[in-house]
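Visitor: Residue numbers (our numbering), protein chains in the order written: chain B, 1 to 321; chain A, 1 to 276.
Note that these hints are calculated values from the structure, not bench results.
Among these hints, one or two may not hold up.
[Claimed, not checked] Calculated lysine-lysine pairs in the DSS-like style (CA-CA distance at most 27 Å, straight line): (1) A:274 x B:74; (2) A:24 x B:116; (3) B:66 x A:233; (4) B:315 x B:30; (5) B:282 x B:300; (6) B:188 x B:245; (7) B:30 x B:245; (8) B:303 x B:265; (9) B:66 x A:274; (10) A:233 x B:74; (11) A:24 x B:139; (12) B:258 x B:303.
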Amino acid sequence: MNLIDDYVIETTGLSKSFGDVQALKDVNLKVPQHSIFGFLGPNGAGKTTLMKLLIGLARPTAGTGKIFGCDIVKDSIAIRERIGYLPQHPRFIEEMTARENLLFTAKFFFNGPAQKINERCDEMLDLVGLIDKADRSIKGFSGGEKQRLGIALAQVNYPDLLILDEPASALDPLGRQAVLDIMERLRKYTTIFYSTHILDDVQRVSDTVAILNNGRLITAGPIEQILNGRDGVVYSLAIRGKAEKLDERLSTLSWVTKTSSLQQKGTNIWQISVSDELEAEKNLLRFVLADPTLTVAEFKRKKFELEEVFMDIVKGDKNVN
Amino acid sequence: MSTNLELQRVNELERLRGFSNLFKKESRAWWRSRRWWINAILWTGFLGGFTAIMLFLSNSEVMEATGDEIAQAGGLLEYTLEVGQSVFFEFGIPMLAIGTIILTQDAILGENQNGVAEWLLSKPVNRQAYILAKTTANVFPILIFLVGLPSAAVYTMLSIRGAVLYPAGDYIAAVGIMTIHTLFYLSLTLMLGTFFNNRGPILGITLGSVLGGGIIGGFIKQLLYVTPWMLPKIGFMTSSGQPVPGAIGISPIISSAILSIGFIFVAIRKFEQKEF
Chain B
1 MNLIDDYVIE TTGLSKSFGD VQALKDVNLK VPQHSIFGFL GPNGAGKTTL MKLLIGLARP
61 TAGTGKIFGC DIVKDSIAIR ERIGYLPQHP RFIEEMTARE NLLFTAKFFF NGPAQKINER
121 CDEMLDLVGL IDKADRSIKG FSGGEKQRLG IALAQVNYPD LLILDEPASA LDPLGRQAVL
181 DIMERLRKYT TIFYSTHILD DVQRVSDTVA ILNNGRLITA GPIEQILNGR DGVVYSLAIR
241 GKAEKLDERL STLSWVTKTS SLQQKGTNIW QISVSDELEA EKNLLRFVLA DPTLTVAEFK
301 RKKFELEEVF MDIVKGDKNV N
Chain A
1 MSTNLELQRV NELERLRGFS NLFKKESRAW WRSRRWWINA ILWTGFLGGF TAIMLFLSNS
61 EVMEATGDEI AQAGGLLEYT LEVGQSVFFE FGIPMLAIGT IILTQDAILG ENQNGVAEWL
121 LSKPVNRQAY ILAKTTANVF PILIFLVGLP SAAVYTMLSI RGAVLYPAGD YIAAVGIMTI
181 HTLFYLSLTL MLGTFFNNRG PILGITLGSV LGGGIIGGFI KQLLYVTPWM LPKIGFMTSS
241 GQPVPGAIGI SPIISSAILS IGFIFVAIRK FEQKEF
C-alpha cells in the first residue's frame, strides 16, 4: 500500500446484481487504516455481498474496489495474502483439532520454520482463550468457541485487515462479550472491518461506521458524527408553562434550523436543532427564559443512541424509496 | 505488513497458489483415516475374490462351456484363464467406476455445500490449484487401491493358475485401459461437482453412463467410438490376447483419455467462474 494512502478499502460505484435483484447499488466506501469499522445494516441489506466482493468470492457487476491499493478482481490473491476473513458461519475442517486447523491455515501463508509456525498458532489460541482446548475435536465446540477459533484462524497470518462478517450476532451475551474483547485487543495490530446488526456492539467498539440499506450506502463516517444525527446538533429542553408561542419566537433565530415538541407528564419536551453550536450554548437558554411564563426543568445537548440514528436513517431511506 | 520476520512466506507459482497445502489436506483424508485400508481390502477382496472363484473353483461358467468355446480358447486351462479375465475386466472395470464415483462425488460438492470451499478460497488459494489438488490427491490412492492392488492380485492368480508367469505386456495394457476408464469417471464426477449443487444429477449422470452406456451405444453406435462404454470389453480382449475389432480400434481409449483431461479443464474453468 502506498504510504500516503490512508484508506485500506476504497470502493467506487461498486454494484452487484443477482439476475433482476440488485444486491448492491453504487457503493462508495472508504475504510481508514487502523479503524474498527462497523458496517451496519438490517438483514438482507447487502453486507455479506459486499464482503464477498472484497475478498474475491463474488465478482462485481459494476464499479471498482481496492484493498491496499490493489484491485479486488485482478489482484485478489495478493489481497487475500494480507487479510483475514471470518465468514458469518465459520467453517473448519471438522476432522482436525483446533490446533491442526490453525496449522493448516497458517501453511497457506508460511512454510517454515515449523517451530515458529507452531508458536504463532499457540499465540492465537491463547489470544482467543482456547489454548486448553487446542487438541480437542472441533465437533464438541460451542458456538462461541467456534466463533473465537474463527477469529484466531483469520488472524494467524498477521493480517493488515480483518474482515469479520457478523462476528458476534449468533452468540449469547457472554460469547458476544468475549468476541468484542478480542476485537478490542486486535485494534492495535490491524484494521477491522466488520458487519453487524447489533447496534450496541458497534457503539461499544467501533470508531467509524457505515450504514447500508437495500444495497445502498446511506451514510458513513466517524461514530461521533453519526451519533450527532442527521439534524446536526440538537438541544433538548424540558419546559413548563405556556409555550405555545415558543415555536414562533424560535423561528426568528437564524441559527435554529428545526424544532419539535411533545407533551410528557405536564412538561413540554422540546428538541431544537441548531446550525451554530456556540451561539446556541450562549443564547438558547437565555432566549427561552426571556419569557417569564416559562420555566426550564432541563437543558442539555441531546446525545443520540446509535439505535435511534439507525432507525431514523433506515426509515428515512424507506420513505425516500 | 506487520509480520514475524522469522516466518518464511510461502513462495508458489500464482496459478498453483495453495496447491501443496490443499494436496496435503486432501491426501490426509485418505492416508490418515481408515479409508485407504478399507478400500485396499474391499477392492482386492471383491474383485480378486470373484476372479479367484472363476479361476480356482468349479463353476457353472466353465462347466457349461461347449467344446467349441474351449477349443477356440486353446484348451480348458486357457478357457478358464479367459473367464477369469473376463470377470476381472468386463465386470471389474464398471465396478471400479462405480466405486470411484462414490468416493469422489462429495469431494467438491460437499465443500461447496458446507461452506468449507468458501472459507478455503478466502485464503490465498488459486481456484485452479483447488481443483488440481482435489484431482491429484484422489488419483493416486484410487489408482493404487482400486486398480493397482486388485490388478496385482489377479495377475498373481492368473500366473498361479497357469503355472507360468502370465504374459505381462497384454495384461499391463489392459490394466492401462482400466486406469483410463477409472480416470474418466473420476474426472467426470469432479467436473459435475462444479456444475451442480446436489448429488442427484452427479450420481444420475455418472452411474447412468456406467450402467446404461452400453444400451445407449446399442442405439447410437457412433457414441461407442468416443465414450468409455466399450473399454471393459476392450480391456478383456487386450488382456486375453484377442485382437480388438478394427471397427472399434483404439479410438474409445484415446477419446476417453482426452475427455478425462478435458473434464478437468472444464472443471477449472467452471470453478473459476463460481461465485459464493
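Visitor: Indicate, hint by hint, whether the structure satisfies it.
Guide: Hint check results:
no.	hint	in the structure
1	A:274 x B:74	holds, 16 Å
2	A:24 x B:116	holds, 20 Å
3	B:66 x A:233	violated, 57 Å
4	B:315 x B:30	holds, 24 Å
5	B:282 x B:300	holds, 13 Å
6	B:188 x B:245	violated, 54 Å
7	B:30 x B:245	violated, 46 Å
8	B:303 x B:265	holds, 22 Å
9	B:66 x A:274	holds, 21 Å
10	A:233 x B:74	violated, 49 Å
11	A:24 x B:139	holds, 21 Å
12	B:258 x B:303	holds, 16 Å
This entry does not satisfy hints 3, 6, 7 and 10, going by the numbered hints stated previously.
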